[in-house]
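Model the placement of chain B on the given structure of chain A, informed by the hints.
Protein chains: 2
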Amino acid sequence: MSKQELPIIDAGVDVSGPACCAPLVCEPLSDSEAVELAPLFKAIADPVRLRLLSLIACHEGGEACVCDLTGAFDLTPPTISHHLKVLRQAGLIDSERRGTWVYYWINPGVLARMSALIGPASAALAGTA
Amino acid sequence: MSKQELPIIDAGVDVSGPACCAPLVCEPLSDSEAVELAPLFKAIADPVRLRLLSLIACHEGGEACVCDLTGAFDLTPPTISHHLKVLRQAGLIDSERRGTWVYYWINPGVLARMSALIGPASAALAGTA
Numbered sequence: 001m002s003k004q005e006l007p008i009i010d011a012g013v014d015v016s017g018p019a020c021c022a023p024l025v026c027e028p029l030s031d032s033e034a035v036e037l038a039p040l041f042k043a044i045a046d047p048v049r050l051r052l053l054s055l056i057a058c059h060e061g062g063e064a065c066v067c068d069l070t071g072a073f074d075l076t077p078p079t080i081s082h083h084l085k086v087l088r089q090a091g092l093i094d095s096e097r098r099g100t101w102v103y104y105w106i107n108p109g110v111l112a113r114m115s116a117l118i119g120p121a122s123a124a125l126a127g128t129a
Numbered sequence: 001m002s003k004q005e006l007p008i009i010d011a012g013v014d015v016s017g018p019a020c021c022a023p024l025v026c027e028p029l030s031d032s033e034a035v036e037l038a039p040l041f042k043a044i045a046d047p048v049r050l051r052l053l054s055l056i057a058c059h060e061g062g063e064a065c066v067c068d069l070t071g072a073f074d075l076t077p078p079t080i081s082h083h084l085k086v087l088r089q090a091g092l093i094d095s096e097r098r099g100t101w102v103y104y105w106i107n108p109g110v111l112a113r114m115s116a117l118i119g120p121a122s123a124a125l126a127g128t129a
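For the protein sequence lines, the chains are A and B, in the order given.
Take the first sequence: its position 127, counting from 1, is numbered 127 in full-length UniProt numbering, and each next residue is one higher.
Take the second sequence: its position 84, counting from 1, is numbered 84 in full-length UniProt numbering, and each next residue is one higher.
There's no promise every hint is true.
[What the hints assert, rightly or not] Pairs of lysine-lysine residues, derived as BS3-like cross-links and limited to a Cα-Cα distance of at most 25 angstroms, are as follows:
no.	chain 1	residue 1	chain 2	residue 2
1	A	LYS85	A	LYS42
2	B	LYS85	A	LYS42
3	B	LYS42	A	LYS85
4	B	LYS85	A	LYS85
5	B	LYS85	B	LYS42
[Claimed, not checked] Some chain A residues well away from chain B (every beta-carbon gap over 10 angstroms; in silico):
no.	residue
6	VAL66
7	PRO77
8	VAL86
9	ARG97
10	VAL102
Think of the hints as simulated: they come from the structure by calculation, not from any bench.
Note that beta-carbon positions come from the ideal geometry of N, C-alpha and C, so glycine has one too.
Okay, chain A solo, but in the shape it has when bound (with noise of 0.2 angstroms):
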């Protein structure tokens, strides 16, 4: 089943209704979902990852070629390369060649699926606080 076919979790956030109506509050995740988020959140829980994808969405025009990021960090260009991998095959980024250069841009059906399981949660669970 390729990620583009997986539904996308109800992204409303409603925190004047009742908790139960955010996913992570009232309607427990199943298994199969779980075992298809937790590698979203996996490629996204390391410091060069969350800091690579933090610079890519914050350049200009939404894209960065690696020669804008390289100089961020302390890091060798290909160990950059590999950070950029993971986060390109868990679906957080995607990319094409132009010319020298290989460009990357978030894909924000993604970014939408992780933000539609905490972000509902995270605002019933303040309204309930």
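Relative to chain A, chain B alone:
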């Protein structure tokens, strides 16, 4: 530096404004922020822990004892306890012993920090896609 002393990243979601107002989108994470956030994502980068978090949040009253959780998994109680310990050590859940059982509930502040990182970026990217 304790988790309590960390500044909360602005959780404001304003998709009507320029994409640069969302934390992940135009405010690249600092190295120290990334180092502090990565372990939170690592703690939930596991299907069992994602489901535990979901089951706890969904349980009546927002808290659950380990006796409420073991039935959902084909795992031994010590394995469940190990995963609960990882979540607790990351600060995602808190716990308290009452008589025979230990009860667990979600720490909304920590979830809010994760949501503040992903949510606004997701919303801004969706708005600019």
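For each hint, the structure was consulted:
Pair hint LYS85/A plus LYS42/A holds up; C-alpha atoms about 13 angstroms apart against a cutoff of 25 angstroms. About 18 angstroms separates the Cα atoms of LYS85/B and LYS42/A, which keeps this hinted pair within 25 angstroms; it holds. Restraint check for LYS42/B and LYS85/A: the C-alpha separation of about 18 angstroms stays at or below 25 angstroms, so the hint holds. A hinted pair counts as satisfied when its Cα atoms are at most 25 angstroms apart, and LYS85/B with LYS85/A does not qualify at roughly 31 angstroms.
Between the alpha carbons of LYS85/B and LYS42/B the distance comes to roughly 13 angstroms, so the proposed pair stays at or under 25 angstroms and holds. No Cβ of chain B approaches the Cβ of VAL66/A within 10 angstroms, the least distance being about 16 angstroms, so the stated non-interface status holds. With 10 angstroms as the threshold on Cβ separation, the claim that PRO77/A sits away from chain B holds: the shortest Cβ distance comes to roughly 18 angstroms. Every CB of chain B lies more than 10 angstroms from the CB of VAL86/A, the least distance being 12 angstroms, so the non-interface label holds.
For ARG97/A, the shortest C-beta to C-beta distance to chain B comes to about 22 angstroms, beyond the 10 angstroms cut-off, and the non-interface label holds. Every Cβ of chain B is farther than 10 angstroms from the Cβ of VAL102/A; the closest lies at roughly 20 angstroms, confirming the non-interface assignment.
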